[in-house]
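**Student:** Chains as they are written, first to last, in our numbering: chain A, 1 to 465; chain B, 1 to 588.
None of these hints come from the bench; they were simulated from the model. Computed from a prediction, not measured in an experiment: that's the story for all the values here. Be a bit skeptical, because a hint or two may be false.
[Unchecked claim] Computed beta-carbon distance windows for the label pairs:
hint: 1; chain 1: A; residue 1: Pro84; chain 2: B; residue 2: Pro198; range: 56 to 64 Å
hint: 2; chain 1: B; residue 1: Ser442; chain 2: A; residue 2: Lys460; range: 43 to 51 Å
hint: 3; chain 1: A; residue 1: Thr12; chain 2: B; residue 2: Arg114; range: 48 to 56 Å
[Stated by the list, open to error] Okay, derived cross-link-like pairs now, BS3-like style, lysine-lysine, Cα gap no bigger than 27 Å in a straight line:
hint: 4; chain 1: A; residue 1: Lys27; chain 2: B; residue 2: Lys60
hint: 5; chain 1: A; residue 1: Lys177; chain 2: A; residue 2: Lys367
hint: 6; chain 1: B; residue 1: Lys70; chain 2: B; residue 2: Lys60
hint: 7; chain 1: B; residue 1: Lys18; chain 2: A; residue 2: Lys54
hint: 8; chain 1: B; residue 1: Lys560; chain 2: A; residue 2: Lys367
hint: 9; chain 1: A; residue 1: Lys460; chain 2: B; residue 2: Lys94
hint: 10; chain 1: B; residue 1: Lys560; chain 2: A; residue 2: Lys357
hint: 11; chain 1: B; residue 1: Lys4; chain 2: A; residue 2: Lys27
hint: 12; chain 1: B; residue 1: Lys94; chain 2: A; residue 2: Lys299
hint: 13; chain 1: B; residue 1: Lys24; chain 2: A; residue 2: Lys54
hint: 14; chain 1: A; residue 1: Lys54; chain 2: B; residue 2: Lys4
hint: 15; chain 1: A; residue 1: Lys199; chain 2: A; residue 2: Lys210
hint: 16; chain 1: B; residue 1: Lys18; chain 2: A; residue 2: Lys27
hint: 17; chain 1: A; residue 1: Lys54; chain 2: B; residue 2: Lys60
hint: 18; chain 1: B; residue 1: Lys129; chain 2: A; residue 2: Lys27
hint: 19; chain 1: B; residue 1: Lys522; chain 2: B; residue 2: Lys543
[To be verified] A short list of chain B residues far from chain A (calculated; beta carbon distances all over 10 Å):
hint: 20; residue: Asp46
hint: 21; residue: Val110
hint: 22; residue: Met266
Even glycine gets a Cβ: it sits at the ideal position worked out from N, Cα and C.
Okay, here's what each chain looks like letter by letter:
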Amino acid sequence: MTIEEAGVVYKTTTEIRGPILFIENIKDVAYDEVVRITTPTGYEISGSVLDVSKDYAMVQVFGETSGMDLNVSVRFTGETLRIPVSDELIGRVFSGSLAPLDGLPRPLSTDQRDVNGGTINPAARDVPSEFIQTGLSAIDGMNSLVRGQKLPIFSESGLPHNQVAAQIARQATIPGKEEEFALVFAAMGIKNEEAEFFKEEFEKTGAISKSVMILNLADDPPIERIVTPRIAQTIAEYLAFDLDMHVLTIMTDMTNYAEALRSISIAREEIPTRKGYPGYLYSDLATIYERAGRIKGKKGSVTLMPILSMPGGDITHPVPDLTGYITEGQLILQRELALRGIYPPMNVLPSLSRLMKDGIGEKTTRKDHSDVSNQLYMAYAEGTRARGLVRIVGVVGLSERERTWLEFADQFEQKFVNQGVYENRTIEQTLDIAWDLLAMLPEEDLIRVREAYIKEFHPKYRRAG
Amino acid sequence: MSLKGSIDRINGSLVVAKFEAEPKIGDLVEIGSLRLMGEIVRLSEDKAYIQCYEATSSLKPGEPVLDSGKPLVAELGPGVMGTIVDGIERSESKLWELTGPFVSRGTNIVPLDRTKKWAFEPKVMVGGKVRGGDIIGVVQETESFQHRVLVPPELEGTITSIEKGDFTVEDVVGTVETRTGSIGLRMMQTWPVRRPRPVKERLPLMMPLMTGQRVIDTFFPVAKGGAACIPGGFGTGKTVMLQQVSKWADADIIILIGCGERGNEMADVVAHFPEISDPRSGRLLIERTIIVANVSNMPVSAREASIYMGITLGEYYRDMGYDVAVMADSTSRWAEALRDMSGRLEEIPAESGYPAYLADRIAEIYERAGRVVTLGSDQRIGSLTLLGAVSPPGGDFSEPVTTHTLRFVGTFWALDSELAFRRHFPAINWLRSFTRYMTVASKWWSKYERNWEQIRAKALELLEEAAEIEETARIIGEKAMPDEQRLILLLAELLREGFLVQSAFHEVDRYCEAEKQAALLKVIIDFYNLAEPIIRQGIPIEKIRELGIVSELMRLKERKGLQPIDAARIEMRKQISQLAETYEVKVR
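Isolated chain B (complex conformation):
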C-alpha cells in the first residue's frame, strides 16, 4: 500500500522526492525523519513534487519519504462541532495540550477523537433497506446540534444489525448486507477534500439568508445556497462583517475559515464566540460552529488546503439536511498560496504571477455552494452558502482574484475605504454592490411589506440620485442647490445614518429583525413622500431639517421593536402638517 522514496531537493515548502514506483497525484506523504505531512502536486518522469504542510527547515536530501497512497481527506463524524481545527483538521486545542503554545512540527494527531463515546440512537430497523445518504441514527453532539449519522455515499443494501448505545466513532454500530458482502457501519466516514460530495439533485434557490444586517438583507441579499464575494482593502471591515454574519445568519451550521489571517483575530473569535448566545436557540453559538484556523504565519500549503477542508465539512452537514453557511476569510491568501506553489513549480504565470488555472480553481470552490436534494431516500433538502472575503492589493478591485471571483458569485458587497474612514459600518458601498438574487428576495420580503420591492427600489434610486447631486454640490456648494435636490441629500443622509449604518457593538442595533427593517425603510421613504410635496410648494429645506422628527428617524434603529417606528410615523405626520399649516400649503 505505502510507497517508499527519498528526498531529492528542498525549496521552501516544495519537496522533490524519488519513489521506487509511481505514486499518484494528490497522495498524502510523510516527509523525512520528522514525518512532516505533505501532498503530491506534480509528477514528472521519476520525480514527485510535494507541497509540504509544515515548515521544511533542517530537512535533508536523502531522508525517507513515505507515500500513504491516499489523498487528503476530511474525517467526518461527531467530535468536530464546536472545535477549532487547522487546515488539515487537527484540533488546535489538542495540539496545544500536546506541544505547548507554539505549534511544533510532525505532530500527527487524528482529527476525530477515537476514545470518546457518543450516545448513538438508531433511526433504522433491521431488515430495512438503506442507501448512500440515508440517516441510520442520530447523536446529540452538542446541546444545540443533533448529528445525523449517514450511510456513506456509495453504499446500498439491507440492514442486518443496528445497536443503540455508547460507541466511539470507529465502533461498528450496525451492519449492512450489500451485493458484495457485509459491511460494518460506523459513525465516522472520510471524504477527499478536493472532491465535491455527491448530491441527488441541485435545486433553484428559494429564500434569502437572513443576517439581521440591514444593508445586506434589504439591499444586497444573498440566497441560501448562493455565493457572495466581499472584497475590500485593509481596514474596511471585512472580518467584522463576516463575524457579524456568522453570529446572526439564520443558518443551522456556521463554518468559519480563517485562511492566512491574523492570529489575534482568530484568538478574538475563539474567545468571543463561546460567549455569544445563539439568537435562535438561546444556547451558545459555538455549539453549532466550526472554526478552521490557519493563521498567516503557518505554512502556505496548509493554508491552501484549509478552504477545501472547510467546504468539505460544510457539505457533510448539508448532506444531513441542514442549512450551512461557510465564510472564507480570505480567499486572496488562498490564491497567494496557490501562486507561491506555482512559482516554486516553475509554472509559467498568467496575471500578477498567479497561475493560469486560478479562475478554474475559484470556480470549483464557488460551485460547491448550492441548495440541493441530498442523497438518501427521504428527499432531504440542505444548502451550503459560501461567503468569500477577498483582500485586493491596494484596494484595487481589478486584480485577478476579485475579477475572477465576481464571475462566479451572485452577490457582491463592495467594501469602501472612504466609508470606513467615516466609521460608516458596514462599509458596503451601495452604488457598487449588486445582487443577482432579487427575485428570490422580493418574494420572501413581500410577506413583511407588500410594496417592499418598490420601497427598496425608491431608496436605491434616491441614494443614486443623491450621489449625482453631491457631485454638483461639490462644485457649486450645497447652498446654491434647489431645495428639491437638497431634500434628496437630506434623505440620503437619513438612509445612511438611520438605516445603512449599523453598529456591531450596539446592544439593540447589532441585529435588526426583518419586520423592523421593512418598517424602518418604509417610514424613511414615507417621510420623503410627505416632505417632497410641501418642498415643491415652497417650504424651505432648513425648516424641514429643523423638525425634531429628523433626528428621531436617525435614532429609530437603536430603539427596540416596532412600536417606536409607529410612534415616529404619527409624530412625523403631525410635525409636517403643522409646518404646512404655518406656511398655508397642502399636505398630501
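Bound-form chain A, shown alone:
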C-alpha cells in the first residue's frame, strides 16, 4: 500500500474478538466500507465494515488477527471492496485476495468492480439452453450441463472430485462450435498439492493461458475466503458480460467458505441455526452462486461448478443442503462406487440437472435423450433395489424380472458410468451405450420410452433395419 492513499486513520480499537475488531470514536464510516489495518510491526491486512453506528464500527478482518493488539491503525478507505478488471487478468495466478502469486506486478485498471456484484434482473436473464458436452456419460446422458448453469459436485474427502472437475474443464465443448472460453478457478482452503494438480492439468492442455487462478490455500488466513469466491465471480462476470467469453468457474471447497462465514457469525454472537451456521447462510451462498447465468443480448455466459465436501458424507448437512436449493441440480460422488473401482464414482440416482430439459432433445442432442435417461433412471433404481434384496434373500430368492434389473444395474455402472480419465465420449456414443444396456431388458418394461423411439433406436430394430 502506498501512503498517498486516502482515508482517515484511527487508533481507537477497543476490542478484538476472533476475526472482528471493534473501533470507537469514528466519523463518517459507511456500511461495507473497506478498511486497511496496520499492526505496530508493519503487517498490513484488509477488512470490511459489518455494523456501523454514529460512533463505533465492527470490522471483519480478512486474515489473521493473532499478533494484533489494540494499538493497530485502522484506515477507513471510503470505498466498498473493488477489484481492477481487465483482460490482463487472464493467465494469471493470485492469492485469495488478489495479490499476485506469479511474480508479475499487481493488476491495474481504471475499471474497478464491486466484488459483491449486482443482482441480474430476472427479466433480463436468458434461459440457459446450450448443451455442453463434457464427454462423461454420467453427466451428458443423465444430468446434462448447459451453459449458464450452476451445477455443484457434492463429494467426500478422498474421492476424485478434482479429477472429475479437471476432466470437465478439459473436455467441455459445445458440439460443433469453437468459441472464446475462459476458466476461473477459485480455491478456498484446499491443500497446496490439490492446487498444484489443477495448475498442472491446466498447463498440460494449455488451458492455463485461458484461466485465472485465485488461490486461498489451507494455510492461508481462513477469513480471506469470504472474499475469494466473490473476486472469482466478479472476474467471471467481467469476462463473460464485458468481453463476450464463455466462462466456467470452478470453486473448491465451498464447505471451507461456509466455515469461515460461520466463524465470523459466531464472533459476532449471532443466533446460530443448524450446526452453528448463521441463518443467512442460504442468502449468502445465493449471492455467490446466483451470479452465474446468461443475459439477454450478451454473448458470454458464466457456468459455475462449485465443489463441496459433505462432512461425513451427509447430504443433509447445511452446506450441501442449502447449496442444492440454490443450484440447478447436483452431481453426487459416492465412496461405495469408488471402492468398486468405478470412475467417475457418480451416483446418478440422487444427482440431478434441473436445466437438462432445456438443453437436450432433437435440436441439440437426440430426440430420444430425455426418454432414455428417464428409463435408465428407473431401471437403475429397480436394480439397486434388487441389490438390496440380494443381501437378504440371495440371488435365488429373486424373481426372473428382479434378476434382470440387478444385472442391468451392474452393467450400467461398469459400462455407462465407468470410463477413463482421458476418455471423451460424444453424446451419440453415450446414448448408444445406453441403448445397448436397455436392450437387456424386456421391451415391455421400457415404459418410459415412447414407442416410436423404441422402434427407431432399440438395437433389435436397428439391426433389422
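Chain B: place on chain A using the hints.
**Tutor:** Then chain B, alone, in the frame of chain A:
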C-alpha cells in the same frame, strides 16, 4: 405528512434511524442519499428500526431518512396483468430498460404506468347508487382478461358522472357523491399489502381446483378457495409441479410468487410462459398470469414483502369475482427472511432460530385463502386458492415451517426424494399425503363416475397394502410370496406407472381431463377385479403378467381421449377369459 430523520446505525438490511417526531410501524421510508426503500418494523424509545428492501452497502450514519407516513401498498388497476414484478411491485422489465441487466439501487419507479391509456367502458349510470366493491366499468386489459374496475371498499354514494373513453389509471372516470362530499373515481386504487382486503361473507368450499394432474385431482385434490402445502427436499420437483399446476389449473387468474428462488428458474418461467397456449381460451397463458419474482440474491426484506404483495394482488382479482390461484415458491425462504430480520432485531428465538410469532404469520397468510361473496351489491363469488411450497432443510418434515404450515392447510402433497430418484414425477408420496377436501371432491367427481369414491378408496387401499407387502417381500423375496399378494404388487405397479406417473413434457400426458382420469383409474381397478378371482383359482401370477394388456394399461395415459381406454377394457376381458379358458377356471 412526511417526517425527517437520520441514520443512527446500519447492520445488514437493518437500519436504525432517529426521527424528529414519532413515526408509525409499517411506514415506508426513503433511506440515505441513494433513497433506498424500507419499512419501519419496530419502534423503541426514540429509535425506529427499518428493514431496508435494498442492499445497504455504503450507507453512512447521519444520512437522512424520510418517512412517507404510508405503509407498503399494492397499486391495483390495469397494467399489472401479464407482467413480471419484484417484491415491491416494480416492473422488472421496466427496471431492466432503465438500469440495465443488473438491478441497481434506489430506482424508484411506480408500479402502474401513469401514461398508458386504457379503453374504459362504464357499467353504471349517472344517478345509480354504488358502494364498495361494485363494478363501475370494465377494461379489456389483455386479450383474454377483462379487468373489472371496482369502487374502493370504504366508499358509498350516488354516481354523479361517468365517462366512456380512453383514460390513464389516474384520470377521473366518474364521480360519486358521498355523505362527506364528491369523490373522483379512478381505475387505480391502493391497498396495504399486510392487511387482508374485506369481503362480505366467507363461503363453504364447493368444488375442487382441477389441475389435470392425476395424482392431485384424483387422490389429493385441493378445493377452490382452499390451501395446500407442498414440502419437499431439493430435487423433488416442487417447482415443476407448481408450474404444471399454474399452466393447467382451472383458475381464471394465476399469480406465481417466486420467493427467494433461482434466477434461472424465473427466467425459465418468463421465457416459457408466454409461449404456452392457454388450454381454456386458446390464447396465451401469460395474459392472465402475474409473476412476482424475488430471486434468492435479492435483499431478504423485499423477499419477505413479496408474498404479501402476491396475495394482495390475488385478493384484488378475487374481489372482481374471479377464481384466483396463488402459488408461493417457497414459503421457507420467506420464513428465513423473517428469521434474518428477527435475528438482527435481537429478538429471542424459538425453534431453529425462527421467531416465536412464525406460526401466527403463517396462519395469517393461509387464512387469506378462501371462497367468498365479495363486497358490492351483486353477490359476486370469487375465490383465492393458495399453494405454498416449503423447502424443509435436509428434507426433514418435522422442521418448524412445515409443521406450522400443516396446521393451516387442507391438502398436503408430500414430495418424496426416493420417488424423484426413480424419476417418478410428480413425486407425491401417496402414503403420506392427505386432503381434507374429500367431501367437496366426491360430490364433484360423481358426475363423471358414479362409483368414484369407492374406486378411489380401492386404489388407495391397494397401494397401501402393496407398501406393506413390499416390506415383507424385502425380507423373503417376491418369489416366495403368495400369488394373491403378488397380484397386489403388480396392481400397485400398474397404478404407479399407468396412473400416478405423469410426464410434464409428454405432449398428451401432461394434461389429463377429468373424464379420462376417472376412466383410467376404473379400468385399472377393473383389471384387478377380473384378475383376482382367477388368481385365487390357481392361475399363476406370471401368466397374468405376461398378458399383453398389462403393458397397454401402463401406456393408456399416453393415448388421446377415451376410446383407447374402452378398447383396452374389451381387450382385457378377452385376454383374461382366454387365460381362464386355458386353465379351465371361471371368470367373474
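**Student:** Confirm or reject each hint.
**Tutor:** Cross-check of the supplied hints:
Evaluation of the 56 to 64 Å hint for A:Pro84 and B:Pro198 yields a pass: the beta carbon distance comes to about 57 Å. Remark: the range hint 43 to 51 Å for B:Ser442 to A:Lys460 is upheld by a beta-carbon distance near 47 Å. Checked against the hint of 48 to 56 Å, the pair A:Thr12 and B:Arg114 passes, with Cβ atoms roughly 51 Å apart. As the CA atoms of A:Lys27 and B:Lys60 are separated by approximately 9 Å, the hinted pair is consistent with the 27 Å bound.
A hinted pair counts as satisfied when its Cα atoms are at most 27 Å apart, and A:Lys177 with A:Lys367 qualifies at roughly 20 Å. Restraint check for B:Lys70 and B:Lys60: satisfied, since their Cα atoms lie roughly 24 Å apart, inside the 27 Å limit. In summary, the hint linking B:Lys18 to A:Lys54 is supported, as the alpha carbons are separated by about 11 Å, within the 27 Å threshold. Between the alpha carbons of B:Lys560 and A:Lys367 the distance comes to roughly 21 Å, so the proposed pair stays at or under 27 Å and holds.
Pair hint A:Lys460 plus B:Lys94 does not hold up; C-alpha atoms about 56 Å apart against a cutoff of 27 Å. For the hint linking B:Lys560 to A:Lys357, the alpha-carbon distance of about 24 Å falls within 27 Å, and the restraint holds. This hinted pair checks out: B:Lys4 and A:Lys27 have alpha carbons roughly 21 Å apart, not beyond 27 Å. With a C-alpha separation of about 22 Å, the suggested pair B:Lys94 and A:Lys299 falls inside the 27 Å cut-off, and the hint holds.
Proximity of B:Lys24 to A:Lys54 is assessed by CA-CA distance (about 23 Å); at most 27 Å being required, the pair is judged to hold. For the given pair, A:Lys54 sits about 17 Å from B:Lys4 by alpha-carbon distance, which is consistent with the 27 Å threshold. Between A:Lys199 and A:Lys210 the alpha-carbon distance is near 12 Å, which keeps this suggested pair within the 27 Å criterion. Proposed proximity of B:Lys18 and A:Lys27 is supported: the alpha carbons are some 17 Å apart, at most 27 Å.
For the given pair, A:Lys54 sits about 8 Å from B:Lys60 by alpha-carbon distance, which is consistent with the 27 Å threshold. At roughly 62 Å between alpha-carbon atoms, B:Lys129 and A:Lys27 are farther apart than 27 Å, so this suggested pair is violated. In summary, the hint linking B:Lys522 to B:Lys543 is supported, as the alpha carbons are separated by about 22 Å, within the 27 Å threshold. B:Asp46, annotated as away from the interface, keeps every beta carbon of chain A farther than 10 Å; the closest lies near 13 Å.
At the 10 Å boundary, the C-beta of B:Val110 stays outside the reach of chain A, the nearest C-beta of that chain being 17 Å off. Consistency note on B:Met266: stated as away from chain A, yet its beta-carbon is not over 10 Å from all of that chain's, at 4 Å minimum.
Figure legend: structure checked against the earlier numbered hints; hints not met, in rising order: 9, 18, 22.
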